[in-house]
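Engineer: For the record, the sequence lines run as chains A and B.
Just so you know, our numbering puts 322 at position 322 of the first sequence, and the rest follows in order with no gaps.
Every number in our numbering is 1000 more than the matching position in the second sequence, counting from 1.
Quick caveat, the hints were computed from the structure, so don't treat them as lab data.
Cβ coordinates follow ideal geometry from the N, Cα and C atoms, glycine included.
A hint or two may mislead.
Said to hold, decoys possible - The calculated label-pair distances, taken between Cβ atoms and stated as ranges, are:
# : chain 1 : residue 1 : chain 2 : residue 2 : range
1 : B       : Asn1109   : A       : Thr200    : 30 to 38 Å
2 : A       : Lys390    : B       : Gly1090   : 27 to 35 Å
3 : B       : Arg1101   : A       : Asn201    : 30 to 38 Å
Claimed, not checked - Incomplete in silico selection of chain A near chain B, CB under 7 Å:
#  : residue
4  : Pro111
5  : Lys199
6  : Thr203
7  : Val315
8  : Pro336
9  : Ala373
10 : Tyr419
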Amino acid sequence: MERTYLEFASAIVKTASMTLITRIFPLLAGWLLALLLSLPAQAQLEIDITKGNLDPVQIAVPDFLATTQSERDFGRQIADVIRADLERSGLFKPLDPASFLETQTNIDYKPTFADWRVIKADALVSGRIKTESASRILVEFRLWDVFAGEQLKGVRFATTPDNWRRTAHKASDAIYEALTGESGYFDSRIVFIDERGPKTNKTKRLAIMDQDGENPVYLLGGSDLVLTPRFSPNSQTIVYMSYENNRPNVYLLDIETGRRELLGDFPGMTYAPHLSPDGKSLILTMERRGNNDIYVMDLTSRSTTRLTTDPAIDVSASYSPDEKKIVFNSDRGGSPQLYTMDADGKNVRRISFGKGRYSAPIWSPRGDKIAFARSSGGKFGIGVMDVDGKNERILTESYLDESPTWSPNGRVIIFSREYKGVEGRSEVWSIDLTGQNLRRVETPGMASDPAWSPLLP
Amino acid sequence: MKHYLMGGAALLSLSACATKPDPVPEMTAPAPVVQAPAPVPEIVEPTPPPPVVQQLPPVVQSAPDPNLPTPGSIEDFAYQSGGEPRVFFGYDQFDLSPEARDVLRRQANWMQIYPDSTAVIEGHADERGTREYNLALGARRADSVQAFLISQGISPNRLRTISYGKERPIDGRPSETGWARNRNGYTNLRLGGVS
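Isolated chain A (complex conformation):
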């Protein structure tokens, strides 16, 4: 996709956006605001993990202006997608277009801010569609801080008409980034396991969809049992486990080319695959004679190095973003708990000490948190803790919540939720790192084992 970003304004953006950031993150006191202005972007990220009741930013997104009928269709559909993206994030409340007082006719003029203040809009997105040729449309928008009366962002995307949906997600990402100071996650996909049938006769297939549930497709043709797909953090490649030929092993799939590859044919089962953040190596569990240990495979040379030797279960390894540490699940202490170790297997340290049994750890792409599944008192929930095990917080609880995975910006966790009973559904749910905004993720049928892609290029 060809595209251009065009910044219409820059000088006043920073000051104005801070006004809105204080509304999104109300815990930011005035003195913090002054501090933030002088800090790099990372410093703002810490705001997200404070658990405070958020007052969603009220945002007005009128249908994008257009001249022709086909442009009007795009203008309405794109605004619909942006409103839905922002609403699902939980940080925004898109206002009902029926309440709008002003109807802009040209986005290159300032809106009548008073009209937007009356309906209590904090922010306004004014957009326009232009047709350049049969194969090229321009999607433009300006993001306004209604209270300050200033433009925060002006962007123009040039794209093909059939790419309107992705363009809308990119616009959502730009709005999210301008108003939160963090990168968005709307132009991304989720790979998952599509499930059909009752628990005692289940068919599972590898599938992928946009993060909002649109465009679902199966990635494999066969009927072999497939489990635990994971995205490469930096490419459109996934690794997964398949029972193809009744040999449970780890495979690699390039979803752009469809090229599929068995990663080593070992005497025992290989499973629980995760690619390293640089995508050059694979960490997995290999089973030999009932012993389950963690190995790392260099994807270039295909050589494997054993990282754990304990006779206990060592499974579900996940790298820190800097690739220096690994978190994993082990029952070496008598029950399943979380441990970290250096990338070479040294300095093993238990980090979970709360009540219950811990498993399925996964390191946040930000590096400062580990998400996990915990079972206690017959319930399973998703939780987060610091990388040293401190500040544990349980975010969800149900009959069976498991398989957490992070959004590309590390703000949202999606996970599998399974209901009780032989006909109990499997669903994908999401929750913010803050513990708020619990909601079901749209999937074509029953679904499990979600994994979020990086932002699309």
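Mind docking chain B on chain A? Use the hints.
Structural biologist: Only chain B this time, still in chain A's reference frame:
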């Protein structure tokens, strides 16, 4: 129909006539020709030996039930294993109970009688655990079963293991009864080689 009835009536009248026998004049039967039989040469057969008398062995079992599986079949293996070739485990456990060992001894005996048989041992877990941990647990259970069969004299090259974790429950009941059934090691017998 009409013709048939009429024909039947005609037959009836005929037979009614036949029941009244006409007087028959008596006739003298011709005298039979009597011939003496040809003399038969006498052959003296040897006296057969007396039968050997043996006592029947006492009845130790009832007649084979035609509903029982054919000996040597996969069904027979299941039957001899006590119904199904499956042993059960405690929650998060992979050690074999005395009952499980008993079942596995019978499986090993059977496999020694039928030396061409092989088995893929499946390890299974209940749904009360996360996916990857349960794959590990299933692998351990399958290995426990395999190790015991090997200890009973079954060659390791006749056995293979596979873990299905919690992916293949046999009992859908969301209760301890159902979960207990889903924590098992299943000896999937093959009458050919290990695939």
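Engineer: Does each hint hold? Answer for all of them.
Structural biologist: Structure-based check of each hint:
1. Roughly 31 Å separates the CB atoms of Asn1109 (chain B) and Thr200 (chain A), a value that falls within the hinted 30 to 38 Å.
2. One distance hint, 27 to 35 Å for the beta-carbon pair Lys390 (chain A) and Gly1090 (chain B), holds here, with the actual separation near 34 Å.
3. Arg1101 (chain B) and Asn201 (chain A) have their C-beta atoms about 31 Å apart, which keeps the hinted 30 to 38 Å range intact.
4. The criterion of a C-beta within 7 Å of any C-beta in chain B is not met by Pro111 (chain A), whose closest approach is roughly 51 Å, and the hint is violated.
5. For Lys199 (chain A), the shortest C-beta to C-beta distance to chain B is roughly 6 Å, which falls under 7 Å, so the interface hint holds.
6. Contact between Thr203 (chain A) and chain B, as hinted, is not supported at the beta carbon level, the nearest pair being about 11 Å apart and thus beyond 7 Å.
7. Contact between Val315 (chain A) and chain B, as hinted, is supported at the beta carbon level, the nearest pair being about 5 Å apart and thus within 7 Å.
8. Because the closest C-beta pair between Pro336 (chain A) and chain B is about 6 Å apart, less than 7 Å, the hint holds.
9. A cut of 7 Å between beta carbons decides the hint on Ala373 (chain A): the least distance to chain B is about 5 Å, and the hint holds.
10. Nearest Cβ of chain B to the Cβ of Tyr419 (chain A): about 9 Å, over the 7 Å cut. The hint is violated.
The earlier numbered hints that this structure contradicts are 4, 6 and 10.
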